[in-house]
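Line order of the protein sequences matches chains A and B. Residue numbering for the first sequence follows the working numbering, beginning at 19 and increasing consecutively. Residue numbering for the second sequence follows the working numbering, beginning at 110 and increasing consecutively.
There could be a bad hint or two in this list.
[What the hints assert, rightly or not] Here are the simulated lysine to aspartate or glutamate pairs, DMTMM-like style, with alpha carbons at most 25 Å apart: (1) B:LYS329 to B:GLU280; (2) B:LYS329 to B:GLU392; (3) B:LYS391 to A:GLU70; (4) B:LYS333 to A:GLU273.
Just so you know, these hints were derived from the structure itself, not from any lab. Remember, predicted model here, so these are calculated numbers, not experimental data.
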Amino acid sequence: MSNHHKQTFITKYVFSTDHKMISKQYLITGIFMGIIGVMMSMLFRLQIAWPEESFGIFEAFLGHHQDGGVMSPDIYLALVTIHGTIMVFFVLTAGLSGTFSNLLIPLQIGARDMASGFLNMVSYWLFFLSSVIMVSSLFLEAGPASAGWTIYPPLSALPQAIPGSGMGMTLWLISMAIFIASSLLGALNYIVTVLNLRTKGMKMTRLPLTIWAFFVTAIIGVVSFPVLLSAALLLIFDRSFGTSFYLSDIFIQGEVLHYQGGSPVLFEHLFWFLGHPEVYIVLLPALGITSEIISTNSRKPIFGYRAMIGSIMAIAFLSTIVWGHHMFVSGMNPFLGSVFTFTTLLIAIPSAVKAFNYITTLWKGNLQMNPAMLFSIGLVSTFISGGLTGIVLGDSALDINVHDTYFVIAHFHLVMGVSAIYGMFAGIYHWFPKMYGRMMNKTLGYWHFWITAIAAYGVFFPMHFIGLAGLPRRYYSNTAFPLFDDLSDVNKVITLFAILGGLAQLIFLANFFISIYKGKKASQNPWHSNTLEWTTPVEHIHGNWPGEIPEVHRWSYDYSKPGLPEDFVSQSTPLFPGEEES
Amino acid sequence: MTALLYVLLAIVICIAIWQITSIFNLKGAIATEKDNNTQGILFALFGVFFYGLMIYSFAKLSVVLLPESASVEGEDYDKLYIITMILILVVQAITQFLLFYFAFKYRGIKGRKALFYADSSKLEAIWTIIPAVVLSGLVLYGLSVWQEVMDSSDAKDPLIVEVYAKQFQWEARYAGADKELGRANVRNIKGINTMGVDMTDKNAQDDIPTRELHLPKGRKVIFKFRSQDVLHSAFMPHFRAQMNCVPGMVTSFSFTPKITTQEMRLNEKTVAKVDGINKIRKEKGEDPYQFDYLLLCNKICGASHYNMQMKIVVEEPSEFNTWLEQQKTMRQVIN
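Only chain A is shown next, with the shape it has when bound in the complex (with noise of 0.2 Å):
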C-alpha cells in the first residue's frame, strides 16, 4: 500500500474510499442530524411546557403548520416522530458506529484500510442520500411522516388518518429502506474486516473492547436490520398495492376499506426484532469507547476484560430474543408475555456486570479528568439510572400501567439516548487528535459536560414521576384532563432544562469546528494510550502506517503495569525480559 497515487478533490474529500475520511463524514453528517433532530426536540417541549401558545420561533420554522405562532397538532406529532427517526438511527447508529467503526477498526487492529474501501464509500453515500431525502420531506406541503417513530399501522398505512401519511411517510419509508441498506454494507465490512485483516499477534483476546463492541453491534445490525426491512416493504404493500399483511376491517371517514385478514401485530412483532435490538446497536459502541476511555484514563486495565467480552455478547444474544417486551399490552397472548419478561430480566445481568467492572476500573485509579473521561463517567451513571427503570418496563405486570407513558419517555432517553450520545461526545474529545491532527478546547470541553449533565438530569429525572401520574406519551397538549393539570409545573421546568442542555451543545458545536481549524496541533499519543492507532503519524496517509504495520504483543491495557518503565505501553512494544503477559 502506499500513499503516492495522486488524489484530486472529488476523490479524496468526496467520493473518498479511506477509512478515515469516511468516518469523518459519517461524524458531520451526523452532526448536522443531531441538530436538526435536537432542534425539533426543543420546539415540542415548548409547546409542551406552555401548550397552544403563540411563539415566535414557531412562526419562523414551522411555515403553514402554525397559525400565529400556534402549533398545530399535526405538526407536533410530525417533530416527535422525525426527532425519534433521526436521533435513533440517522445519529446515533449511523452517526456514531458509523463514525467510530470506520475509524478506529483498521486503526486499531491494525490494518491499512477497511476489506472494502469501495463498498465502505457506497456504504456512507447510500446514508448520505437516506439522509437527503428524510430531510426532504419535512418540506412537503402534507408535513413529513407522522406516526410516531415506531410507524404502526393502520396509523402509518392511511392517509385519512393523519395527513403525514402520505407522501410523508413514502419519504420515510424509501429513506429507511436505503439506509438499512447502507448500515447493511457497513457491518458487512466492518465483520470481514475485523475477522480477516488483523495485524500479526492482534489475537481476539487482544483485541481492545471497542472492536469486540463494534463487531458484535455490526453482527447484531446483519441480523436485524433485514427484518425491518421487510416489515417496511410489506408496508409499502399494504400501501400502495392493494394487500392486506396489517390491515383487516377497517371503516374510516365515512367507508368501509376492502382491507380483510392482516394483522398490526405482525408489523409489530417485525418491527421490534429489529426495534430492540437497535438499542444496543445505539449503546453497544458507546459502551465499548467508554470502555477504552475509563481505562486509559484511570491509568488501569479495565476490570474484568474476559468478562466484558462475554457480557457484550450475552447481550447481544439475549437482544435478539426480549422483542416482545414492547407489546405486553398489544393483544398478544399473555404466555408469550411471560417469556418475555423472562428472557427481558435475563438481560439485566450482563448489564450489571458491566456498570459494575466499569465502577472496579475507577477504583485505585489515577484518574486523569479529561472531558473524554467526564462524558465517559457520565455515561455509566446513566446507563445505571435508566437501566435500573428497565426493571420496573421489562416486568410484564409493571408495564401495564407505564406503557406509553412518560416513565417510558425518561427509561429510554435516559439508558440509550443520553448515555449513547454521551459515549459519542466522550469518542469524539478522545479521538478528535487522531481525526483531525488537532485538539479540543478542554475547558470548553468541561463547561460542555457539567451542562449537559445537569440539565439531562434535570430533564429526565423528573419525566419519571409524570410518567408514575399516568401521563401518555405523544400528547399534543395536556389541558384536555384536569387531572393533568398539576403536571404542568414539572412540564416547565422539564423544558428549561431541556432548552440549557440544547444551549449547551452549542458550546460543543463552537468548540469542534474552530478547533478543525484553530485547535492546538496534537502530538502523536496525547492521551498515552496503549491502543495502535496512535502509533500512526499525526498527518493523515493512505494506508495508516508509512512502513510495515505494526506486529502485536500484548493485549491493550497494560496501564500501570508493575515492573515497567511507564504507565503504558503500546500493543506494539514485545515484552520486556521477565515480564509475562497479563
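With chain A held as given, fit chain B onto it using these hints.
The following block gives chain B in isolation, referenced to the frame of chain A:
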C-alpha cells in the same frame, strides 16, 4: 427569513463562546493536575446535586402520583411496584454513590501509580450471582401477578363490556340480559349503528350501547376491546389496566373495581391531588375540578389523540343496575 436569523444568532453565539475563552487564553487540551482536582471535586458536588434532585423530586412530586389502586387486581400490582421501586432505589443510591465517590477520591495526582488490578473471578461471580438471584425472585413474583391479572377464566358472573375505539372517541356496549355480546364488524356500520353490530344475531338484540362507562363495585368486569380504524390503547391508570385496541381483532382485559367514584373522591391522596389541581385552576380562573375515573387513549392515533377520553363511573351494584335499566337496548335504538 426569521429562521435564518435564528441560525445566524446561534453561529454568532458559538463564535462568542470561542472568543470569550480565547481572551483568557485557555487553549489547553490535556487535563493537568489542577484540572483533575477541580473536576474530581465537581463530581463530588454533582453527586450532591444528584441526590438532592432525587430527594427533592420525591418530596415534591409524590403528591401528583396516582392514588391506591381502584381495582382488586391492582393491589398485587401496587405491592410488586413498591418492592421493585425500593430495590431499584437502593441499587441506584449505592452504585451512583460509588461512582461519584471514586471519581472524586481517585482524581489524578502526579506521580501516583494506579493499582494494576485486571481481574477477580470472585468479585465478578458476586455481581453476577446476586443480580441473578434477586432478578429471579422478581421474575417469579412478577409472573405470578401477571398470571393473576391476565387470567379471567375463573370469574363468577362477570360483567361483559365491549369498549369500542375510533378516531377520536370511545363507545361502550354492555352484553345485556343474555350476558353475551352480539357479533359485530365494521362492514355493518350504518347510520346510528355506529359500532357495526350485526343485528341479525340474536345475542345482539339486548346489547346496550352507551357513551359513558359505568362499572359496579365488587364484580369482575371483562372488557372486550375493538377498534374501528387505527390502533388505540384503552388506558385506565387508576385501575392499573391497559390494553391495545386492534382493528381486525378483539382483545381483552379484566379487573374488579373496588372503590366507587364517591369513595375515591374522599380518598386522602386524591383529595390532596385535587386540591393541588384546583389551586392551579383557580390562579388561571378556571372552574374547579372534581375527580372522576377516566379511560384515555394511550396509543398515537392521530391529530386529536390528546383528547380521546371517556368518563368511568364506579358505583354500588344497585345504582349500577338502575343506571343500566334506564339505557336503551340495541333493538330499541335501531328500530
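Going through the hints against the structure:
no.	hint	result
1	B:LYS329 to B:GLU280	holds (20 Å)
2	B:LYS329 to B:GLU392	violated (41 Å)
3	B:LYS391 to A:GLU70	holds (19 Å)
4	B:LYS333 to A:GLU273	holds (24 Å)
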